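Enquirer: Chain by chain, the residues:
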Amino acid sequence: MDLFLHIGLEIHCELKTKTKMFSSGPIDYHASPNTRVQPFDVAFPGTLPTINQRAVELALRACDVLGCTIDPDLRFDRKHYFYPDLPKGYQITQAFHPLGRNGSLMIEDQKILIERVHLEEDTAKLVHKKGCTSIDLNRCGIPLIEIVTQPVITSVDAACSFMEEILRLVTYLEISEGKMEKGQVRCDVNLSLSKDPLTLGTKVEIKNLNSISHMREALHYEVARQKEQIMHHQTIEPQTRRYDEKEKKTFFLRTKQRKVDYRYMPDPNLPWIRLSKEWIQEVLLHRPSTYQELYQRMTLKHGLSEHQAYDLLKQKELVDLYFQITEYTKQFSMVANWLCVDVRSWSKSHEGPILIKPEEIAFMVNEIDQTIPYAKAREILKRGLQGKPIQAEWENYQKMQFSSQDLDRLIHQVLAQNPKSVHDYLKGKDRALAYLVGQCMKLSKGNIDPQKAKELLKENIDHLERSAMDEEE
Amino acid sequence: MDRSLILSLAEDLQFSLTEGEIQNILTDFSWVESIRDQFAQMDTDDVEPMISCSEYSEHALRLDQPQSCLEKEQVLENANKIKEDQILVNQVVRSSCD
Amino acid sequence: MRLNDSIDSQQLARKWKAVDEKIQAVAFWCDETEKNDSSFYVAVKDNISVSGLPMQAGSHILKGYRPVYDASVIGRLRKQGGHVFCKSKMDELGMGDTGLNTGTTPIFNPYDLSRIVGGSSGGSAALVASGCCPLALGTDTGDSIRQPASYTGTVGVKPTYGRISRYGILPYANSMDTVGYFTTCIEDAAYALEIFEGKDSNDMTTLIKPGGSYHRSLDPSLAGKKIGIFHSVMKTINDPVLQKIFDDLIHYLERKGAQLVDVDIDSKWLNLVDPVYKTIANAEACSNHACLDGLRYGSQPIADTVEQAVKQARTTGFSSLVKKRFIYGAYSLYEENQKDLFLKAQKIRRQIVQEYLMMLEDLDVLLALSTPDIAPQIVDLDGSRMQIESLSNSHLKLDNLAGTPSLSLPLGWKQGCPFGLCIRSNRFQEQKMFDIAKAIENYTGLAGLTVEV
Numbered sequence: 213m214d215l216f217l218h219i220g221l222e223i224h225c226e227l228k229t230k231t232k233m234f235s236s237g238p239i240d241y242h243a244s245p246n247t248r249v250q251p252f253d254v255a256f257p258g259t260l261p262t263i264n265q266r267a268v269e270l271a272l273r274a275c276d277v278l279g280c281t282i283d284p285d286l287r288f289d290r291k292h293y294f295y296p297d298l299p300k301g302y303q304i305t306q307a308f309h310p311l312g313r314n315g316s317l318m319i320e321d322q323k324i325l326i327e328r329v330h331l332e333e334d335t336a337k338l339v340h341k342k343g344c345t346s347i348d349l350n351r352c353g354i355p356l357i358e359i360v361t362q363p364v365i366t367s368v369d370a371a372c373s374f375m376e377e378i379l380r381l382v383t384y385l386e387i388s389e390g391k392m393e394k395g396q397v398r399c400d401v402n403l404s405l406s407k408d409p410l411t412l413g414t415k416v417e418i419k420n421l422n423s424i425s426h427m428r429e430a431l432h433y434e435v436a437r438q439k440e441q442i443m444h445h446q447t448i449e450p451q452t453r454r455y456d457e458k459e460k461k462t463f464f465l466r467t468k469q470r471k472v473d474y475r476y477m478p479d480p481n482l483p484w485i486r487l488s489k490e491w492i493q494e495v496l497l498h499r500p501s502t503y504q505e506l507y508q509r510m511t512l513k514h515g516l517s518e519h520q521a522y523d524l525l526k527q528k529e530l531v532d533l534y535f536q537i538t539e540y541t542k543q544f545s546m547v548a549n550w551l552c553v554d555v556r557s558w559s560k561s562h563e564g565p566i567l568i569k570p571e572e573i574a575f576m577v578n579e580i581d582q583t584i585p586y587a588k589a590r591e592i593l594k595r596g597l598q599g600k601p602i603q604a605e606w607e608n609y610q611k612m613q614f615s616s617q618d619l620d621r622l623i624h625q626v627l628a629q630n631p632k633s634v635h636d637y638l639k640g641k642d643r644a645l646a647y648l649v650g651q652c653m654k655l656s657k658g659n660i661d662p663q664k665a666k667e668l669l670k671e672n673i674d675h676l677e678r679s680a681m682d683e684e685e
Numbered sequence: 021m022d023r024s025l026i027l028s029l030a031e032d033l034q035f036s037l038t039e040g041e042i043q044n045i046l047t048d049f050s051w052v053e054s055i056r057d058q059f060a061q062m063d064t065d066d067v068e069p070m071i072s073c074s075e076y077s078e079h080a081l082r083l084d085q086p087q088s089c090l091e092k093e094q095v096l097e098n099a100n101k102i103k104e105d106q107i108l109v110n111q112v113v114r115s116s117c118d
Numbered sequence: 059m060r061l062n063d064s065i066d067s068q069q070l071a072r073k074w075k076a077v078d079e080k081i082q083a084v085a086f087w088c089d090e091t092e093k094n095d096s097s098f099y100v101a102v103k104d105n106i107s108v109s110g111l112p113m114q115a116g117s118h119i120l121k122g123y124r125p126v127y128d129a130s131v132i133g134r135l136r137k138q139g140g141h142v143f144c145k146s147k148m149d150e151l152g153m154g155d156t157g158l159n160t161g162t163t164p165i166f167n168p169y170d171l172s173r174i175v176g177g178s179s180g181g182s183a184a185l186v187a188s189g190c191c192p193l194a195l196g197t198d199t200g201d202s203i204r205q206p207a208s209y210t211g212t213v214g215v216k217p218t219y220g221r222i223s224r225y226g227i228l229p230y231a232n233s234m235d236t237v238g239y240f241t242t243c244i245e246d247a248a249y250a251l252e253i254f255e256g257k258d259s260n261d262m263t264t265l266i267k268p269g270g271s272y273h274r275s276l277d278p279s280l281a282g283k284k285i286g287i288f289h290s291v292m293k294t295i296n297d298p299v300l301q302k303i304f305d306d307l308i309h310y311l312e313r314k315g316a317q318l319v320d321v322d323i324d325s326k327w328l329n330l331v332d333p334v335y336k337t338i339a340n341a342e343a344c345s346n347h348a349c350l351d352g353l354r355y356g357s358q359p360i361a362d363t364v365e366q367a368v369k370q371a372r373t374t375g376f377s378s379l380v381k382k383r384f385i386y387g388a389y390s391l392y393e394e395n396q397k398d399l400f401l402k403a404q405k406i407r408r409q410i411v412q413e414y415l416m417m418l419e420d421l422d423v424l425l426a427l428s429t430p431d432i433a434p435q436i437v438d439l440d441g442s443r444m445q446i447e448s449l450s451n452s453h454l455k456l457d458n459l460a461g462t463p464s465l466s467l468p469l470g471w472k473q474g475c476p477f478g479l480c481i482r483s484n485r486f487q488e489q490k491m492f493d494i495a496k497a498i499e500n501y502t503g504l505a506g507l508t509v510e511v
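Residue numbers (the working numbering), protein chains in the order written: chain E, 213 to 685; chain X, 21 to 118; chain A, 59 to 511.
If you are wondering where the hints come from, they were derived from the structure by calculation, not from laboratory data. The structure presented is a predicted model; accordingly, all values stated were derived computationally and were not measured. Built from N, CA and C at the ideal position, the CB exists for glycine as well. Hints are supplied without guarantee of correctness; some may be wrong.
What the hints assert, rightly or not - Pair ranges (Cβ atoms, derived): (1) X:L27 with E:P450: 48 to 54 Å; (2) E:R509 with X:Y76: 38 to 44 Å; (3) X:S28 with A:N62: 56 to 62 Å; (4) X:Y76 with E:Q493: 19 to 25 Å; (5) A:T294 with X:W51: 53 to 59 Å; (6) A:S259 with E:E607: 51 to 57 Å; (7) E:D283 with X:W51: 36 to 42 Å; (8) X:Q61 with A:T294: 42 to 48 Å; (9) E:S545 with X:Y76: 40 to 46 Å; (10) E:Q362 with A:T163: 45 to 51 Å; (11) X:S28 with E:T366: 53 to 59 Å.
As the list claims (entries may be wrong) - Only pairs whose alpha carbons sit at most 20 Å apart, straight line, appear in this in silico DMTMM-like list of lysine to aspartate or glutamate: (12) E:K337 with X:E91; (13) X:K92 with E:D240; (14) E:K337 with X:D63; (15) A:K267 with X:E78; (16) A:K326 with X:E97; (17) E:K228 with X:D84; (18) E:K342 with X:E104; (19) E:K342 with X:D105; (20) A:K73 with A:D89; (21) E:K341 with A:D362; (22) X:K101 with A:E393; (23) E:K337 with E:E393; (24) E:K419 with E:E386; (25) A:K326 with X:E104; (26) X:K92 with E:E459; (27) E:K471 with A:E393; (28) E:K291 with A:E393; (29) A:K397 with E:E393; (30) A:K326 with X:E78; (31) A:K397 with X:E97; (32) E:K439 with E:E449; (33) E:K230 with X:E91; (34) E:K341 with X:D84; (35) E:K337 with X:E104; (36) E:K337 with A:E365; (37) A:K326 with X:E75; (38) X:K101 with A:E394; (39) E:K342 with A:D362; (40) A:K397 with X:E53.
Chain E with its partners taken away, still in its complex shape:
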């Protein structure tokens, strides 16, 4: 029997703002409990919501990139239910008038339809212990966007790809850190199996998926579980299940037989705000570039290869740094390479920010093959990552460079001290030249350009040979 899979995703993404959605309480993920709380967040009677402009801007970015129709009338509604993490007894959300509607995202040549993108507020943090639960209100009210797809995703892989794309999207749009493991982006999956590709089966909701790999495991398990049930002619009940990462299974959480009525009601404390077309346009004009837009810029405008561009794009921090550096230099490929090799490996073993300023890096890059060989420059840049001042390092290098007079003297010295090697080279033994170059490097303590030394040695030896030949004649 053929069974058809229908998956819909409900994704909640915490927005990177300084204050909460409906109060000016500051957001600080590292703060100690209940120290970032305003009266509104405790839901003390009489408190009132105010709308965070930045949250609206960030949500507009997502709506734009997801191709949604944007509703310029900002309206909010109350969704009522009781739970200790919801102090007001209702969540302020956008039930009737989401900010964005009818968008889509291409995943592997399939257009995934997005029903809505809307703004809402996050709940408080509950910590369940034995026999009791404690409430930390710091997280209460953090702005969220909720992205809801139509149930049109037909494979587990596509669902995971969609999620990966969303993580990348929110990261590049700078609306969120995009870390599922930190709970900044959460995904609930609704899936059903049916015998007919055009109808939906009984919906099962899966919660508590905090990484793409967990999502993949959970969905594969659930599909297999449901297939098994269907094979045995057992009915699937509408239900919510949670994924247990230790057991790698989904477990029943609660039934969805009785539809919960949230008694949605427009919030009278939040009159409508009409967002002007000009303001929306202004916000979207200045939004950060998406992954795809950056790829275009790197390949078409900067001439990076596909490989280089994709390599860079694996890490947004490097992409950001790349564009900062290339404000000051046109050595695009060199910058890209340096970032993908040296900086990436350094940042793998080092915590903390990159200390070199983009202008300094650009300066070094511009000097390569002008006043400093590539290898030397690379060394200096590496020391720069450790905090050493680049300009000073370059100046030191310059100081230690041999003047052409000193270099000539050195060449003559080496030639004088190694007549056998000169003789061998003249006899055609190229290794002898390499040996002479090595001697030059040794004597100069590495402070000369070996290529230059090689050329000068050759010049001098040729000159010697010609002189000798002239003499013979």
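Since the structure of chain E is already known, use the hints to place chains X and A on it.
Expert: The following block gives chains X and A in isolation, referenced to the frame of chain E:
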């Protein structure tokens, strides 16, 4: 409106009702239904619901600048049970219905 | 007592205690040692947050709650030299109009202790009426300032919705809640609006446009003023005493050159005022009080599970009447009922308001009696049934549905008890309202009216 509906509403609103209260609510329910009939006679086809007296806000959106918050002690002083600076409540049995 | 009166604090404190023994209007006293040279004392309805003072709003569910922040109006009050001396009792959560369901003892009318004081701002009304303070803050969602003002012979003002910030005010129905106040005279009422009104960035429903200097601009001239008489409301008045006093006033106004005109709204709209109001108010109230769950403040029962604790808090914390109203409110918000009940009520609200504003547009003010009679006797009341109110009571709700400004001032007497006249004008036209109120007050001679309890 019947008894089971009232009990279901009370459950949604998280309180229980005495028998007397249930009867009282049932008795006055005809009043609610008469209102429904009265409303049904009004033609409101092209009318937008009036959410509030102030429908469009004159205010601008709030700038994303943190303002001072309550001291931890102020957040907690009205709660009877506190542990490690968090409000302590009993065991949560149900999972959130959201 | 008026705002400019000089006071002897000690004498006043003795008077408060003596008066309150009888009228029982005070919920909580403010700590006396905090008083210094304030220019005037103010009673604050116990649904308005004053940091450090208890707030119970007449409900057991808030037992023990002490706000940690001030309502915006309190800041404005203190800036002008006002000092809070007590929280006044009120009907539970603002949902009542008698002053009997206060969670503790009832409030008694200073004019006649066997009568109700009205509500839900009954405590504030009683304290001003008995000369305890020149100003008391209240709130008006359906008639909760103007009705008790009528029963207590005080001036009760409900300004345009959005004039005064609701930040810090325990809500009843946010789309109609209006902060207002009681005084003994129109001059003080005009001045008080200047104290309290203004944009508040904490309350997105407040108006941006600056208010007026109502007090300085008071102009009691009547010549040429167009004054409407609310025909359908006055038709329901049965009492000959009240009717005569009202008619005498009308004749006086005409003699003074005002243009009096009978105005009305079709009864099909008027009959809907109370049902629309109740449907919306019950739904919004049950939503607003979802935060009262006994977990973070107020009454916090001990139980085995959180679910049981919340249920116990809400079962014992709310009175039967309030629970009933929540049930009806939630019912009208259920998805299958919204179209016929809640949403429908909101649509009809718009239609009613359109008619009402059209009627007010051509007028300077509209007049009617605030209440059909003086305050009822306590023994005559049965508050347990819900029923449609008569227009003579429910007409006050028009100003809550529309957000228009409205006040009640004492007009006359029956059996030694006062009753009030309701003056209202179009939105933002408080100056007109105060002007004509002042003229009428000059006629009645009742400025500064208080009673010795």
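Enquirer: Okay, L27 (chain X) versus P450 (chain E) on CB: inside 48 to 54 Å?
Expert: At roughly 23 Å between Cβ atoms, P450 (chain E) and L27 (chain X) fall outside 48 to 54 Å, so the hint is violated.
Enquirer: Does the alpha-carbon distance linking K101 (chain X) and E393 (chain A) stay inside the 20 Å limit?
Expert: violated (37 Å)
Enquirer: Given the hint of 19 to 25 Å, check if Y76 (chain X) and Q493 (chain E) actually sit that far apart at their C-beta atoms.
Expert: Holds: the Cβ-Cβ distance is about 21 Å, inside 19 to 25 Å.
Enquirer: Taking only the CA atoms, is the gap from K341 (chain E) to D362 (chain A) under or equal to 20 Å?
Expert: holds (14 Å)
Enquirer: So if I understand the rule, the pair passes when the alpha-carbon distance is 20 Å or less; does K326 (chain A) with E75 (chain X) pass?
Expert: With Cα atoms ~25 Å apart, K326 (chain A) and E75 (chain X) exceed 20 Å; violated.
Enquirer: When you check the alpha-carbon spacing of K439 (chain E) and E449 (chain E), does it fall within 20 Å?
Expert: Between K439 (chain E) and E449 (chain E) the Cα gap is close to 13 Å, so the pair holds against 20 Å.
Enquirer: Is it true that the CA of K337 (chain E) sits at most 20 Å from the CA of E393 (chain E)?
Expert: holds (16 Å)
Enquirer: Is the straight-line distance between the alpha-carbon of K228 (chain E) and that of D84 (chain X) 20 Å or less?
Expert: Satisfied, since the Cα-Cα distance of roughly 11 Å is no more than 20 Å.
Enquirer: Decide if the proposed pair is consistent with the structure: K337 (chain E) and D63 (chain X), CA atoms, cutoff 20 Å inclusive.
Expert: It is violated: about 47 Å lies between the C-alpha atoms, which goes past 20 Å.
Enquirer: So the hint says 42 to 48 Å: do the beta-carbon atoms of Q61 (chain X) and T294 (chain A) match that?
Expert: Violated - the Cβ-Cβ distance for Q61 (chain X) and T294 (chain A), about 22 Å, lies outside 42 to 48 Å.
Enquirer: Given the hinted pair K397 (chain A) and E393 (chain E), is their alpha-carbon gap at most 20 Å?
Expert: Given that 20 Å is the threshold and the Cα spacing comes to 42 Å, the pair is violated.
Enquirer: Holds or violated: are the alpha carbons of K337 (chain E) and E104 (chain X) at most 20 Å from each other?
Expert: It holds: about 14 Å lies between the C-alpha atoms, which stays within 20 Å.
When held up to the earlier numbered hints, the structure conflicts with 1, 5, 8, 9, 10, 11, 14, 16, 22, 24, 25, 26, 29, 30, 31, 34, 37 and 38 and fits the remainder.
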